[in-house]
Amino acid sequence: MLRRTFMSLMLALVAAAGFTATGANAEDRFIVVQSTTSTQNSGLLDYLLPMFKEKTGIEVRVVAVGTGQAIKNAQNGDGDVLLVHAKPAEEKFVAEGYGVERFDVMYNDFVIVGPANDPAGVAGMKDVVAALTKISEAKAPFASRGDDSGTHKAEKRLWKAAGIDIASASGDWYRETGSGMGATLNAGVGMGAYIMTDRATWISFGNKGDYEVAVEGDDKMFNQYGVILVNPEKFSNVKAEDGQAFIDWLIGDEGQKAIAGFKIEGQQLFFPNAGAGNS
Amino acid sequence: MQDFAASFVYAAELLLSGDPELWAIVLLSLKVSLSAVAIAALIGMPLGAALAVARFPGRGAAIILVNSLMGLPPVVVGLLVYLLLSNAGPLGVLQMLYTPGAMIFAQVVLVTPIIAALTRQVIEDLDAEYAEQLRSFGVSRLNSVPTLLWDGRYSLLTALLAGFGRAVAEVGAVIIVGGNINHVTRVMTTTIALETSKGNLSLALALGFILIGIAIAVNAALGMVKVTATRSAYA
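Residue numbers (my numbering), protein chains in the order written: chain D, 1 to 279; chain W, 1 to 235.
No wet-lab data here; the hints were simulated from the structure.
Heads up, the beta-carbon is just placed ideally off N, CA and C, and yes, glycines get one too.
Treat the hints with care, since some could be wrong.
[Claimed, not checked] The following label-pair restraints were derived from C-beta to C-beta distances: (1) Glu54/D - Gly18/W: 23 to 31 Å; (2) Trp150/W - Lys208/D: 53 to 61 Å; (3) Gly209/D - Asn219/W: 46 to 54 Å; (4) Gly178/D - Ala88/W: 23 to 31 Å; (5) Pro50/D - Ala61/W: 49 to 57 Å; (6) Ile264/D - Leu16/W: 25 to 33 Å; (7) Asp118/D - Asp19/W: 39 to 47 Å; (8) Leu222/W - Gly266/D: 47 to 55 Å; (9) Met51/D - Leu83/W: 45 to 53 Å.
[As the list claims (entries may be wrong)] To give an idea of the chain D side of the interface with chain W (calculated C-beta under 7 Å), a few residues: (10) Val32; (11) Asn41; (12) Arg61; (13) Val63; (14) Asn76; (15) Gly77; (16) Asp78; (17) Gly180; (18) Gly182; (19) Ala183; (20) Phe205; (21) Gly206; (22) Asn207; (23) Phe235; (24) Asn237.
Produce the complete structure using the sequences and hints provided.
What follows is the structure, encoded as structure tokens:
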């Protein structure tokens, strides 16, 4: 019986391996990019990648998760390129030898969205620190990502700048969903909470209810995206050449123009700024 | 709730439009989950049957273990399989992560205990009925396994269906090991999760209706097999 179980197990592995082999044809040229939900949910990558494939024949397979998880996956060598938005964490990733070099790609900005009745009276404010202070004073519900994503990190920095200890309000008016941007928007809209989101995800989001952008335009809400090749010296499976080709295209003229050309409902969602202060 | 009605119509429209993207996703869902169930059956059925007829110390504990593993959380299985298949993990050399093969692997882990546990129950009942007869023919306990499995084949279909239901409906494991990559590892459940996160609730719900439809179709197909087979057996 043991032998039979063992044989079945072997069969399973062989079958699964066979499936992999047929699933990925030898002539398929592809790279895996670990990226964030905002670039995928907004439709930006669906717009850019076919152009890149047309030009180079390289297929880009995107795993869209939070920035924290994307970096973790890349640290395991599971991906060729990292495209995320948390500059300090990205620089740490490169400094620790997991990445080759970090390049600025584009930016957009964060906004705080809230229900039309505006319980904290922050609608139309520009100063985000003052707005967060008002929200905390009013104890108006605020839905946070709570998932160590790029957006969550940026949000925590802003609370810190406002001198507010959100940990003590956790579970009260400050609610951490522990999920992606879309899921947090769905939950926040459902509970009438203010939510900080990147503008791209917000514009393309389909379940807005009566929500509107309440706070926008503060320099502190600038959201920079960077791209990094995973270090092939650390992980021999990294397709350095094709990965670098993608990075070069993205930060080159063609990619930058394509990023600027991506619009939803007439609004430009991402603003290319490669070459503006690489680290 | 106009969402429900709208989603029903939406689902019908999606199906009728013959959108190749949608069909590719449906096909991949079926391919992954049916492969996983087939492999899990090869492992789980002999295992469950052996557990039913064999007598060894610790058998009770083994049965409790298998029964408990029916409740394995998909997200935990996803994480374990991810750590195994990751390039930093022991099976990284297979380069299986983010492929349908990885999704099958994870679902096999999820489904095998379900099939094994249900098989054990079915075979134990059959064994109670036939043990004396089989022993009188001089068939040892373990050698009676094939006979019992064959005899219980129609009841065991339910075990397969339970396994398929679990596989085709879970999202937690496949989204971690598959990565929900468009045109490569995107299946019904991960598409529904993605559309929900985009706030496209009626599209997500419409896809949900289609998924339920697939489950009904598979169940009906197997049900037909059972009916025709039993009929011809007693004809």
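These are the hints, each one checked on the structure:
{"no.": "1", "hint": "Glu54/D - Gly18/W: 23 to 31 Å", "result": "holds, 26 Å"}
{"no.": "2", "hint": "Trp150/W - Lys208/D: 53 to 61 Å", "result": "holds, 58 Å"}
{"no.": "3", "hint": "Gly209/D - Asn219/W: 46 to 54 Å", "result": "violated, 37 Å"}
{"no.": "4", "hint": "Gly178/D - Ala88/W: 23 to 31 Å", "result": "holds, 25 Å"}
{"no.": "5", "hint": "Pro50/D - Ala61/W: 49 to 57 Å", "result": "holds, 55 Å"}
{"no.": "6", "hint": "Ile264/D - Leu16/W: 25 to 33 Å", "result": "holds, 28 Å"}
{"no.": "7", "hint": "Asp118/D - Asp19/W: 39 to 47 Å", "result": "holds, 41 Å"}
{"no.": "8", "hint": "Leu222/W - Gly266/D: 47 to 55 Å", "result": "holds, 51 Å"}
{"no.": "9", "hint": "Met51/D - Leu83/W: 45 to 53 Å", "result": "violated, 35 Å"}
{"no.": "10", "hint": "Val32", "result": "holds, 6 Å"}
{"no.": "11", "hint": "Asn41", "result": "holds, 5 Å"}
{"no.": "12", "hint": "Arg61", "result": "holds, 4 Å"}
{"no.": "13", "hint": "Val63", "result": "holds, 4 Å"}
{"no.": "14", "hint": "Asn76", "result": "holds, 4 Å"}
{"no.": "15", "hint": "Gly77", "result": "holds, 3 Å"}
{"no.": "16", "hint": "Asp78", "result": "holds, 5 Å"}
{"no.": "17", "hint": "Gly180", "result": "holds, 5 Å"}
{"no.": "18", "hint": "Gly182", "result": "holds, 3 Å"}
{"no.": "19", "hint": "Ala183", "result": "holds, 5 Å"}
{"no.": "20", "hint": "Phe205", "result": "holds, 4 Å"}
{"no.": "21", "hint": "Gly206", "result": "holds, 4 Å"}
{"no.": "22", "hint": "Asn207", "result": "holds, 3 Å"}
{"no.": "23", "hint": "Phe235", "result": "holds, 6 Å"}
{"no.": "24", "hint": "Asn237", "result": "holds, 5 Å"}
Hint check: violations occur at hints 3, 9; the rest are consistent with the structure.
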